[in-house]
Structures are given as structure tokens and as C-alpha cells.
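A.B. asks: Sequence:
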Amino acid sequence: NIDVSPNDSADLVTLVPSVNELVLLKRGRVYRLQGTSPDNFTIVNVVPTTGSIGCVSTHGAVFALNDVFYVSEGGVHALSATDRFGDLQEKFLSQRIEPFFRAGSDDTISLNRLATTAVLHYDPNFNRLYLLVDTDNDGKNDRLLNYDVAEGAWSQWPLASTSDETVRYASLWTVRNSTTGAREVFAG
4 NIDVSPNDSA DLVTLVPSVN ELVLLKRGRV YRLQGTSPDN FTIVNVVPTT
54 GSIGCVSTHG AVFALNDVFY VSEGGVHALS ATDRFGDLQE KFLSQRIEPF
104 FRAGSDDTIS LNRLATTAVL HYDPNFNRLY LLVDTDNDGK NDRLLNYDVA
154 EGAWSQWPLA STSDETVRYA SLWTVRNSTT GAREVFAG
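The numbering of the sequence shown is the working numbering, which starts it at 4 and goes up by one.
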């Protein structure tokens, strides 16, 4: 039983293994669990990350490129290592698509459904983050927001309607089309 900063009263949303530590993403803030070797693990420290805000979705966090990427109520963030005593620093990645995360804008996603529908996935073949979201408040992911990590550029793709049932994608993957040679993104 680990008490992760009980004074902030936020719920633990998800865990992401990082470089030599476990990142604990709570709804209000992100923490780092540091310990000794895996052979005789002892918890050494649980510390908050510098300038971070919390995660909103259990499927909205991923470790890639030695960083932890996650979705908050305000957008997509990256936690990157700094040279300040091995700390992680938060960087806001979704400034260019900020209207999606702002209530009342023309491009608003279903903010009240982020916790149950947002899914974040990293594709190492293309160096991209894929974020599945619901835009019409029906509980079904109908939009794919695509972040090109190298270019720092966002694009969006509408997803075809699949059924009347709620769709919650647990994973995304790419497959090369044998006829055209193009890579296609699948969710399931």
C-alpha cells in the first residue's frame, strides 16, 4: 500500500513505467516513484514532477522516446528528463489544437467523456502519437488527433461510425496495405 501525497486528494488514474522509475499519474498532479534495484525493491522516494498537471484517462498515457506522454483536461503533455537532479519537466504539446480542449469552441471534443474515451498510443514506425477522442458526446471515439513528434505538427482524421454501441478503443496499431503499400491505422 503506497500513500501517494494524500494531501492533494486526487485519485490515481494510471501508472506508466519510465526510465528507472514508475510515473504515477493522478488526476491533480503527476508523481515519480523511485526505488532501489528490482531484485530487492525498496521505495526510496515519491516526489511530484515539476510544473505538471494531472492525467484524465486510464488509457491516456504512454511511455515513448524516453518521455511520458499523457492527456489532461487541457490537452496533451510530455514529461521529459531535465538536468536538474534527474527531475521530469512537463511540456504542453497541444497548443496548436487547444480549441479542441476548450469548452464552447467550434472544434470542442467531449470534455465530459475524456476520462472514459480518450486513448493515447505511440507509433514507433512513424514517430507519431495518436489520440482517439469523442467529439459528439455519444461516448464513441469518432476523431483521431495525430501528433508528428519530429515536426511538432497535428492533424486530425474523422473515424467512421461502427455501431450504436459505445466504442472504447484499447489499442491502436498500423498495418501496411499489401495492395497499395500505404500504412493504415487500426483501432480495436
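If you're looking for bench data, these hints aren't it; they were derived computationally from the structure. Please note: incorrect hints may appear among the correct ones.
Said to hold, decoys possible - Cβ-Cβ distance ranges computed for the label pairs, FRET-style:
hint : residue 1 : residue 2 : range
1    : Gly142    : Gly38     : 14 to 22 Å
2    : Asn149    : Asp42     : 39 to 47 Å
3    : Asn130    : Arg105    : 26 to 34 Å
4    : Ala106    : Ser40     : 28 to 36 Å
5    : Asn69     : Gln159    : 22 to 30 Å
6    : Gly31     : Lys94     : 16 to 24 Å
7    : Asp14     : Ser40     : 39 to 47 Å
No residue lacks a Cβ here, since even glycine has one placed at the ideal position from N, Cα and C.
A.B. asks: Now, for every hint given, state plainly whether the structure supports it.
C.D. replies: A quick look at each hint next to the structure:
no., hint, in the structure
1, Gly142 / Gly38: 14 to 22 Å, "violated (38 Å)"
2, Asn149 / Asp42: 39 to 47 Å, "holds (41 Å)"
3, Asn130 / Arg105: 26 to 34 Å, "holds (27 Å)"
4, Ala106 / Ser40: 28 to 36 Å, "violated (47 Å)"
5, Asn69 / Gln159: 22 to 30 Å, "holds (27 Å)"
6, Gly31 / Lys94: 16 to 24 Å, "holds (19 Å)"
7, Asp14 / Ser40: 39 to 47 Å, "violated (30 Å)"
Consistency note: the structure conflicts with the earlier hints numbered 1, 4 and 7.
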